[in-house]
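Given the structure of chain X, go ahead and fit chain G onto it with the hints provided.
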Amino acid sequence: MGKIVSIHSFRGGTGKSNTTANLAVLAARAGKRVAVIDTDIHSPGIHVILGLQLDKVRFALNDYLWSRCRIEEAAYDLTSTLGSDFDPEASRGRLYLIPSSLNAGEIARVLREGYQVERLTDGFRELVRVLDLDYLLIDTHPGVNEETLVSIALSDLLVLILRPDSQDLQGTAVALELARRLEVHELMVLVNKVPEGLDWDFLRAQVESAYQAPVVGMLPLSTEMAKLASSGTFATIYPDHPLSRSFRQLADRILA
Amino acid sequence: MSGRVFLYLLDSPQGHPVQYWTMDGQSLVRIGRAVDNDVVIPHPCVSRAHAYISRWENEWRLTSLSPQGIMHHSENVKDLLLSEGDEFRLGPAGPAIRFASSRAPELSGGQTTLGNFSGALLPLMLDSTRLTREVEAIVADPYFQKLQAMTRKLRSSL
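Quick mapping for you: the protein sequence lines, in order, are chains X and G.
In my numbering, each number is its position in the first sequence, counted from 1, plus 607.
In my numbering, each number is its position in the second sequence, counted from 1, plus 215.
The following block holds chain G by itself, in its conformation from the complex:
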């Protein structure tokens, strides 16, 4: 598939995502616990560099960097060609992630958990890619850096 794709973190047993990341134009997306990844997942069972997704023409491929591998349909794999709606787990005990080409797949019907959004649950969504971009832009600003230096000085003087 071409265009923008989404990775949804499925944190709850019912599979309702809150956090998601978007990939649009990148050909390589790194996933792992370390903060220098594109998709940072601070889960204890996720390896620092767990996997990466690479794009070649209209194909997206998930490759494991971790000895824990990727769980897909109960099989542990090192390599996976991703299809629309595919769900995989980072290692046998890590969190599940859904790969999709549309935003908020829950609300578009199909084999989704649409039935659970009956009013008791809210479709809250956090765009983690946008979050990282906005935070890095603010943190890079000289005013913020000055503020950081000032507060460090203040805290150490207490």
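Bound-form chain X, shown alone:
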């Protein structure tokens, strides 16, 4: 299938990386071949949620971008973390992560030199081909900048995550319009961290009306998620929690 899905937020703190991690894990458990690529070179983090210790890896996305390795050499198979009840012999599902380096020197170099768009484009295509991916999920840096625009431009599907907050609403509107100008094939909006006691139907109508785009789902502000503190994937640790059920529904809708 090889669908490239960018998951983007205008501001930090919307729960993008946690949502991406949970969706990836659930899609893999459902039998999809999924890779997550952390293009947030400025502040990499999804590896923490997915449980990949960077001091144990040899290559990261940065190494590929500086032509120090092939991209598949920076891809780590995390299928064994999908849960003890997951049998990779019986399921097609796989989970890979291409992390970004947390090395301060690398981060400084990226900020100074930027990186080539073409190299990233080629990398995405190569990953889909070599790993026979159903989905390549791109966990982007928040905000609108050259790197995030590239990820958005190369995506088949863009999922925009925002909190029910006017600053998020304003910024996400910019990202959405830019995605339209870049002719991204599919656009979806996900409202995360919805406080308790709100009229959800009204909130959905507000957002859909402002954006003229579908709200694919809404997730509640969760104390349990906050207490997990990005130390793991929520849906794996609390599979019967209502939030995990919501993640499963979302995974079914977005990564069908």
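No lab work stands behind these hints, which were simulated from the structure alone.
Misleading hints may appear alongside valid ones.
Each computed SDA-like pair below joins lysine to any residue, with the alpha-carbon atoms no more than 25 Å apart [stated by the list, open to error]: (1) Lys368/G <-> Asp662/X; (2) Lys368/G <-> Arg716/X; (3) Lys361/G <-> Glu733/X; (4) Lys368/G <-> Val724/X; (5) Lys361/G <-> Arg732/X; (6) Lys368/G <-> His649/X; (7) Lys361/G <-> Thr688/X; (8) Lys610/X <-> Val735/X; (9) Lys361/G <-> Asp729/X; (10) Lys610/X <-> Leu794/X; (11) Lys800/X <-> Phe359/G; (12) Lys368/G <-> Leu794/X; (13) Lys610/X <-> Arg716/X; (14) Lys361/G <-> Thr347/G; (15) Lys368/G <-> Lys800/X; (16) Lys610/X <-> Pro338/G; (17) Lys368/G <-> Gly609/X; (18) Lys368/G <-> Arg787/X; (19) Lys800/X <-> Leu339/G; (20) Lys368/G <-> Met608/X; (21) Lys293/G <-> His792/X; (22) Lys610/X <-> Arg367/G; (23) Lys368/G <-> Arg732/X; (24) Lys361/G <-> Lys800/X; (25) Lys800/X <-> Pro338/G; (26) Lys293/G <-> Pro338/G; (27) Lys368/G <-> Met340/G; (28) Lys361/G <-> Val250/G; (29) Lys610/X <-> Glu299/G; (30) Lys368/G <-> Thr688/X.
Here is chain G on its own, set in the frame of chain X:
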């Protein structure tokens, strides 16, 4: 009234606006479905060039360009001198818009729907004028244009 004025799109039955536009210094604001308007409303019942608001000294006047006219207090009018808090509809079936000189009139009391912001509803606001300005600035940037050209080429080669 002088200074900045606001147009709020009242999309919901209770009249809670999410989108708004600001006018500050312009003497002419065009409203309609077509994208070259200052206030673009992609509603099927709105005409491509539906109306315009013109400012003369401290007066704001709404004039209809559309055969559908403007609904104001259940009357269909072609011309309307706007007062603070005035609500009008673009044609008999189009969306309602509120004209105001203050930001977020809902939260300033008066004859507003203040009672509905009891906690179940959020006062989310989208500044569409600022949105258009920011998007156009990014889209005009050479980097963005290069990216647009590159993605068009990529998509057509698939």
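Holds or violated: Lys368/G with Arg716/X, Cα cutoff 25 Å? violated (30 Å)
Given pair status - Pro338/G, Lys800/X, alpha carbons within 25 Å: Holds. Lys800/X to Pro338/G sits at ~16 Å (cutoff 25 Å).
Against the 25 Å threshold, does the CA-CA distance of Lys368/G and Arg732/X hold or violate the hint? holds (15 Å)
Does Met608/X lie within 25 Å of Lys368/G when you go C-alpha to C-alpha? Between Lys368/G and Met608/X the Cα gap is close to 21 Å, so the pair holds against 25 Å.
CA of Lys368/G to CA of Arg787/X, is that 25 Å or under? Holds. Lys368/G to Arg787/X sits at ~16 Å (cutoff 25 Å).
Given pair status - Arg716/X, Lys610/X, alpha carbons within 25 Å: violated (30 Å)
Next pair to validate is Lys293/G with His792/X; report whether the Cα-Cα distance is within 25 Å. This hinted pair is violated, its Cα atoms lying about 41 Å apart.
Take a quick look at whether Lys368/G and Lys800/X sit within 25 Å of each other, Cα to Cα. With a Cα-Cα distance of about 38 Å, the restraint between Lys368/G and Lys800/X is violated, given a limit of 25 Å.
For the pair we were handed, Lys361/G and Asp729/X, check the Cα-Cα distance against 25 Å. holds (17 Å)
Pair hint outcome, Lys361/G versus Val250/G [Cα-Cα no greater than 25 Å]: holds (23 Å)
Is the hinted pair Lys800/X and Phe359/G satisfied, with a Cα-Cα distance of at most 25 Å? The hint is violated at about 31 Å.
Within 25 Å, alpha carbon to alpha carbon, are Lys368/G and Val724/X? Holds. Lys368/G to Val724/X sits at ~14 Å (cutoff 25 Å).
Of the hints listed earlier, those the structure fails to meet are numbers 1, 2, 6, 7, 11, 13, 15, 16, 21, 24, 26, 27, 29, 30, in rising order.
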